[in-house]
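One-letter residues, chain by chain:
Number of protein chains: 2
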Amino acid sequence: MERIGVVGVGRMGANMARRLVDVGYRVTTVYDVRPAAAQELAKELGATACSRLADVTAQSDVIITVVVDDKSMEAIFAGKKDNLLQGAKGKFFINCATVSPETHVKVEKLAKKVGARTLEGCMASSINQARAGTLYLMCAGEKATFEKLRPILTKLSDDGKLMRYIGPAGKAAQVKALVNMVMNINTAGLAEGLGLGAAVGLDLKMLMEVFSQTGANSRVLVTDGEDMVNRDHACFFSAAHAAKDSGIALGVAKKAKLNLPLATATYKQFKKMTQVGLGDLDKSGIAELTFKGRGPIKKR
Amino acid sequence: MERIGVVGVGRMGANMARRLVDVGYRVTTVYDVRPAAAQELAKELGATACSRLADVTAQSDVIITVVVDDKSMEAIFAGKKDNLLQGAKGKFFINCATVSPETHVKVEKLAKKVGARTLEGCMASSINQARAGTLYLMCAGEKATFEKLRPILTKLSDDGKLMRYIGPAGKAAQVKALVNMVMNINTAGLAEGLGLGAAVGLDLKMLMEVFSQTGANSRVLVTDGEDMVNRDHACFFSAAHAAKDSGIALGVAKKAKLNLPLATATYKQFKKMTQVGLGDLDKSGIAELTFKGRGPIKKR
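Protein sequence lines, in the order shown, are assigned to chains A and B.
Under this note's numbering, the first sequence is numbered contiguously, ending at residue 325.
Under this note's numbering, the second sequence is numbered contiguously, ending at residue 325.
Any given hint could be a false lead.
Since the list gives no way to pick one copy over another, a pair counts as held whenever it fits inside one copy or between any two copies.
[As the list claims (entries may be wrong)] Derived lysine-lysine pairs resembling DSSO-like cross-links, with alpha carbons at most 27 Å apart:
#1 LYS173 with LYS106
#2 LYS186 with LYS96
#3 LYS280 with LYS186
#4 LYS134 with LYS114
#5 LYS168 with LYS131
Just so you know, the hints here were simulated from the structure itself, not pulled from any lab data.
Working from the sequences, and respecting the hints, build out all of it.
In structure tokens, the structure reads:
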């Protein structure tokens, strides 16, 4: 059985590591830019917290990366002093961060040069699903690499029921960008509907019930509606992440010479959240911008 | 059993009349600004096509109105030469058009003056549901009027399962405006997601499947997704209506001094459709604005 390394042990990465240990995999190494986070998880899982990326590669066969953004991907795969591709011949990488399609294509190319293989494993789910191994997992890259990694991916995606092979490198990132773009639009729109309902004195419980029975229904109504009303913005998917992902989608749109007014308005709203200091709130926190009398609140 | 009149026999009004006849009600009179439409339906249902609104009132006990907009409501209830309130003492009106909350309040006041009663019956469903008697029906006005009309309303709303009493006059229109505002945002957002997916060469069937499994899921994905891909914009709910309803919601927002960037962007998109001659398409036709190489097409 392969030795697994995990790079980036935030909310998602740490829970994927726990899940893999639960189902019998050996997670041998973990790494994070915040050494304390890596050490804590290493202790919990009986793994080694590496201080160098090259050590993760040396002590693992399959390395799962869940980092923050394009810049972090660049750093872990092409950092000058230390990176994951040093001594990476024969190693496999599953890159789960939501980053731009170009970055996935670039990383695949770099990895090939040293005889390593990469696969995108874009996740369209959240923390609870990572822990439970029920992630919706969109995979892209070489089909052979996907097949080789299938057993591990299966354990992360409800016995493979929620796993899809999308196409060559970059394609899963495109799909993921579109999923989050549409999700963010629906979220920002819901916040406007509930905010206006509150402003005119409607019973918001009744309003959400009506939304749920009509053309206004959506997944985010279920996941974020109550949180918007109750101002419960404990973070599952941050507003800052939402801004980043809508930004990636708009980058793709710009290249395709497509004007997307809703996505643009949504990007501006989530960007505004980061600008007024609300970027760490859950995406449901966008309601802070649309309910009268709300605004920047204390972080939880 | 009450004699029922129907004013405005477009796609919704005509099917509600058919449904009421199906379940045993007597639809005695119908009226439309297009006399041919009224005559055709009258023939089908064995009713009288009236050329004067006051005649509808005279020959009915309960009058259901399903007209186009605020202006039409003004015309049928306060037209100088001929209107529904002439000789309306003791009559009941169920007003189903999606119009501004203010109009419902005003009409209620006018009706009371002559001893008539009104109820909002805002519908958050479409043509098939009208025909089948499974409308989601949001009612507002005096509670006693609602109770009096309950048997008829029940037959239109899946044996009452989809009927809600919302509050005093104007409140159902507020909820309806919010439902359509959020629905229109989700529709415009979905059109952007699918349009961008098409632009970068993704398999749209796959993309819709992924949307349906993730945070991008919504009711409009089910009702409009395929139509957007297939350019099947046969009209259930027109883009012109969508523009009107988003406009009503923005009017409410303006009064509440609330800035809603998503609703505003959506309004502009649907308004643009009417401006480029696509207002008669179904709301799914908004995809014509977001898919490359599409644009004004022949009406079906």
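Each hint tested on the structure:
Taking identical chains as interchangeable, the C-alpha atoms of LYS173 and LYS106 are never at most 27 Å apart, the minima being 30 Å within one chain and 80 Å between chains. Proximity of LYS186 and LYS96 under a CA criterion of 27 Å is satisfied in neither setting, with 32 Å inside one chain copy and 53 Å between copies. With identical chains, the CA atoms of LYS280 and LYS186 are never at most 27 Å apart, being 33 Å at best within one copy and 49 Å at best between copies. Proximity of LYS134 to LYS114 under the C-alpha cut-off of 27 Å is restricted to the intra-copy arrangement: shortest distance 13 Å within a copy versus 81 Å between copies.
Taking CA atoms no more than 27 Å apart as the test, LYS168 paired with LYS131 passes inside one copy only; the shortest distance there is 17 Å, against 65 Å between copies.
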